[in-house]
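*Asks:* Sequence:
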Amino acid sequence: MIDCINQAARRLPTWPLYILSLLPAPWLVYQGATGGLGVEPINALERALGEWALWFLIAGLAITPLRRFAGLNLIRFRRMLGLVGFTYVSLHLLTWLVLDIGDVSRIWADIVKRPYITVGMLSLVLLLPLAITSNTWSIRKLGPKWRSLHKLTYAAVFLGGLHYIMLVKSLSLEPVLYMAAILALLAVRSRFSQVNRMIPG
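Under this note's numbering, the first residue of the sequence shown is numbered 388, with each subsequent residue one higher.
It should be emphasised that the hints constitute simulated quantities derived from the structure, not laboratory data.
Where is the CB? At the ideal position from N, CA and C, for every residue including glycine.
Just so you know, not all the hints are guaranteed correct.
As the list claims (entries may be wrong) - Capping the alpha-carbon separation at 30 Å, the derived lysine-lysine pairs in BS3-like fashion look like this:
#1 Lys500 x Lys556
#2 Lys500 x Lys528
#3 Lys556 x Lys538
#4 Lys538 x Lys528
Stated by the list, open to error - With beta-carbon atoms standing in for the labels, derived distance ranges:
#5 Ser492 x Arg466: 34 to 40 Å
#6 Arg501 x Ile389: 43 to 49 Å
#7 Pro411 x Ile526: 24 to 30 Å
#8 Arg454 x Trp495: 23 to 29 Å
#9 Val555 x Asn522: 40 to 46 Å
#10 Trp495 x Ile389: 45 to 51 Å
#11 Met508 x Leu529: 47 to 53 Å
#12 Pro502 x Val575: 24 to 30 Å
#13 Lys532 x Glu427: 42 to 48 Å
#14 Ser535 x Pro413: 22 to 28 Å
#15 Ile494 x Ile389: 44 to 50 Å
#16 Arg398 x Tyr541: 28 to 34 Å
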């Protein structure tokens, strides 16, 4: 079964997945404009876009453990998952800047005043160089440094999960589950890194 999935994954082009993965964004905007997101459509849109971002970023973290534990090789989709996740993070940010804040003079004050926004912006800052260098030219140009740079993904996704928990401000299961998944995947990756360092040659 796993071999069949791997063979199908090798034949599947990535460009249709980019399109399919981004379809929820215009649908959410349409829902917000037509009253489908409730009495606070801007907040609902911000939250939904942020959740989509976390889903894709967490999925990207799961690629390596899936290959090592289950033999499921989806490594060729990791770049797509990361870039789509960054796109949703950017849309989440734009919704906050344009529809929520709407006043440029308030942006810096909110970043400094509200810890959850500070954490969210730190996550974005870490994701930005990763998105910029997620191309074949950068991989060749940076060489081994590219892998070191892209380890920032771990901190960025952790901060994204923390941002969600702080944003909710109340005991809610959903953001806790996101963070539990992030911590579990980071723990697995850390354990494998330690084992690899212990294995000679």
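*Asks:* Give a verdict on every hint.
*Replies:* Taking the hints in turn, this is what the structure says about them:
no.	hint	verdict
1	Lys500 x Lys556	15 Å, holds
2	Lys500 x Lys528	39 Å, violated
3	Lys556 x Lys538	29 Å, holds
4	Lys538 x Lys528	17 Å, holds
5	Ser492 x Arg466: 34 to 40 Å	37 Å, holds
6	Arg501 x Ile389: 43 to 49 Å	45 Å, holds
7	Pro411 x Ile526: 24 to 30 Å	29 Å, holds
8	Arg454 x Trp495: 23 to 29 Å	42 Å, violated
9	Val555 x Asn522: 40 to 46 Å	35 Å, violated
10	Trp495 x Ile389: 45 to 51 Å	50 Å, holds
11	Met508 x Leu529: 47 to 53 Å	25 Å, violated
12	Pro502 x Val575: 24 to 30 Å	29 Å, holds
13	Lys532 x Glu427: 42 to 48 Å	44 Å, holds
14	Ser535 x Pro413: 22 to 28 Å	36 Å, violated
15	Ile494 x Ile389: 44 to 50 Å	48 Å, holds
16	Arg398 x Tyr541: 28 to 34 Å	31 Å, holds
Hints 2, 8, 9, 11 and 14 from the list above are not met by this structure, while the remaining hints are.
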